[in-house]
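Asks: Letter by letter, the chains look like this.
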Amino acid sequence: MSLWRRPALLIAITAVLMLAAGGAVGYVVGTSSPGNDSVEAGFARDMITHHQQAVDMAMYEWQNGSDETMKAVAYDIATSQSAEMGMYRSWLRQWGVQLSSGEPMAWAGEEHAHDSEAAGGLMPGMATDEQLAEFKTTTGTDADVMFANLMIDHHIGGVDMAKAALDLTDDELVADAAQRTITVQQAEIENLEGHRDRILSTVEN
Amino acid sequence: MATKKQSATKSAGKGSTGKGDSAEDPKETPVKESAGSKGSSKAKTSGKTPAKGAGKTPAKSSGKSAFDTSSKNAKSGPGRKGRAVQVKQPKPWGMILTFAGVGVVALGLIGAAVFVVWDRSQPPEGVTDYYGEYANYSEVSKALQDGDVTEEDLEHPWVVQQTHVDGDEDTSNDNPTYETTPPTGGNHLGAWQTCTGSVYAAAIVDGNAVHSLEHGAVWLTYDPALVDGDGIAQLSEKINGRDYTLMSPYPEQGVEVSVQAWGVQYQTDDLNDPKIDEFLDYYIQNADNTAEANAACSGGVSTTVEDAGQMPTG
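For the protein sequence lines, the chains are S and L, in the order given.
Counting in the UniProt record's numbering, the first sequence runs from 1 upward without gaps.
Counting in the UniProt record's numbering, the second sequence runs from 1 upward without gaps.
There's no promise every hint is true.
[Said to hold, decoys possible] Pulled a few chain S residues facing chain L out of the computed Cβ check, cut under 8 angstroms:
#1 Leu-10
#2 Met-18
#3 Ala-21
#4 Ala-24
#5 Val-25
#6 Thr-49
#7 Ala-83
#8 Glu-84
#9 Gly-86
#10 Met-87
#11 Arg-89
#12 Arg-93
#13 Gln-98
#14 Gly-102
Quick caveat, the hints were computed from the structure, so don't treat them as lab data.
In this text, a Cβ means the ideal position worked out from N, Cα and C, and glycines have one as well.
Turn these sequences into a full structure, and let the hints guide you.
Replies: Written out as structure tokens, the structure reads:
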């Protein structure tokens with residue numbers, strides 16, 4: 001009861017409580033952002049899955065293709081996209097969110113999620129199991145050409161995903177990565193088309 | 001005071017004219033007043049002190065306390081009996097409610113923050129883990145490196161055994177056996193089972209699947225004697241296309257569904273058990289529970305037990 005006669009003590013206690021509360025909220029905000037269901041986490045997770053298939057295809061081309069330049073492109077894709085997957089994983093672990101989600105593309109909105117579901121959980125541009133299996137029976141020039149075609153579709157899908165993320169995110173880190181993905185993959189699409197056409201014209205002659 | 005006044009009046013009466021008298025009176029009033037104000041200011045200070053808490057406090061609170069008490073103290077007059085007077089005062093309900101409200105809000109925020117941080121790191125309930133007194137793979141491997149424990153002293157030493165059994169010339173041990181059914185970790189084959197959301201229709205080789213667990217995959221197995229085609233389709237939906245997962249039948253596992261990541265396992269006879277999804281969400285590539293973080297799920301083998309010409313090891 002005498003506590004109410006001691007405003008200074010009260011103010012001190014309240015101040016400490018408010019500081020602690022502010023600190024606690026600040027800690028949560030500072031360590032959990034972006035959250036598990038955020039655009040940023042969804043984008044990072046789905047890019048890992050998307051990249052993983054590109055690495056898989058590129059490794060096969062590196063081993064079984066015949067055109068040295070196409071194999072160099074494959075080497076470039078396998079190494080750079082592996083490194084990016086590590087970057088995305090680091091983000092997710094730092095944000096303390098799941099590394100995996102059962103709902104691909106949900107972060108990009110209803111329409112994307114629905115397309116993905118219709119494609120058996122595949123993200124835009126990803127090769128189907130059948131296409132992958134077929135690719136892995138090819139060698140030499142056949143492998144070079146099929147790799148280029150699958151990879152072009154793959155990159156077109158990747159650019160779409162990055163554009164969706166760029167539209168939806170305010171996070172500088174994520175926006176920067178999305179922007180770079182768009183630039184790099186668009187350039188690579190042109191390169192893949194050029195090399196594919198060159199290889200095809202050599203075969204025809 | 002009285003004597004002073006009297007003597008002043010006396011002297012005025014004695015030695016001065018009417019003129020002097022009129023000059024004397026105003027002179028007297030200030031004296032009186034100053035004495036009175038001295039007294040009241042004294043009362044203020046003494047009244048303030050008990051309310052403030054032994055006068056320790058800086059200027060901050062004095063405004064408020066003075067606001068509260070000064071008028072009453074002035075009324076009650078000088079002296080140190082302020083405390084007795086204050087008991088009669090009504091409780092400052094406004095202040096009580098304000099501080100109580102602020103306190104409750106602050107405590108609520110703290111509680112919520114603590115819960116969020118705690119909840120974030122909690123594995124799903126009901127999961128069997130084989131790390132003994134350690135929480136996860138990261139903790140047990142740190143304890144080993146720090147020399148806090150030796151491998152032999154672990155309850156299940158296989159949670160830190162990651163050798164490729166086919167990495168030596170001896171081929172007799174190339175089909176490792178495991179303590180749990182289905183296996184949850186331990187030495188394994190050099191090739192991993194492709195685990196890019198891969199659904200295998202036939203049983204796969206333990207040694208390959210354990211290697212996938214090492215890479216951070218979750219392996220879902222079902223007992224083909226207990227789960228029918230619809231059930232298999234239902235389970236496939238969880239796995240198909242979800243990177244870092246694989247699924248296969250596991251004859252005679254004795255429970256409808258078992259999910260395992262490195263060193264942890266959850267089993268259920270309910271295909272709709274929400275814990276299956278929780279397990280997938282929590283353990284796929286879990287940083288603290290992945291024996292070889294950042295390793296791939298693609299590029300593995302897709303062989304079945306039949307392909308490999310091996311008998312099931314479960």
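Asks: If a hint holds in the structure, say so; if it does not, say that too.
Replies: Cross-check of the supplied hints:
1. This hint holds: Leu-10/S has a C-beta 5 angstroms from the nearest C-beta of chain L, less than the 8 angstroms allowed.
2. Annotation: Met-18/S was flagged as interfacial toward chain L, and the flag holds, the nearest CB pair being 5 angstroms apart, inside 8 angstroms.
3. At about 4 angstroms, the closest approach between the beta carbon of Ala-21/S and any beta carbon in chain L falls short of 8 angstroms, and the interface hint on this residue holds.
4. The closest approach between the C-beta of Ala-24/S and any C-beta of chain L is roughly 3 angstroms, which is under the 8 angstroms cut-off, so the hint is satisfied.
5. Nearest Cβ of chain L to the Cβ of Val-25/S: about 6 angstroms, under the 8 angstroms cut. The hint holds.
6. This hint holds: Thr-49/S has a C-beta 4 angstroms from the nearest C-beta of chain L, less than the 8 angstroms allowed.
7. Hint status for Ala-83/S: violated, given a least beta-carbon distance of 10 angstroms to chain L, over 8 angstroms.
8. Violation of the interface hint for Glu-84/S is found here, the shortest Cβ-Cβ separation to chain L being roughly 12 angstroms, above the 8 angstroms cut-off.
9. For Gly-86/S, the interface hint holds, since its Cβ comes within 8 angstroms of a Cβ in chain L; the closest pair sits about 6 angstroms apart.
10. With a least beta-carbon distance of about 11 angstroms to chain L, the hint placing Met-87/S at the interface is violated under the 8 angstroms criterion.
11. Given the 8 angstroms rule on beta carbons, the hint for Arg-89/S holds: about 6 angstroms separates it from the nearest Cβ of chain L.
12. A distance limit of 8 angstroms between C-beta atoms decides the matter here; for Arg-93/S the minimum to chain L is near 5 angstroms, and the interface restraint holds.
13. The closest approach between the C-beta of Gln-98/S and any C-beta of chain L is roughly 5 angstroms, which is under the 8 angstroms cut-off, so the hint is satisfied.
14. The restraint placing Gly-102/S at the interface with chain L holds, with a minimum CB-CB distance near 6 angstroms, inside the 8 angstroms limit.
Figure legend: structure checked against the earlier numbered hints; hints not met, in rising order: 7, 8 and 10.
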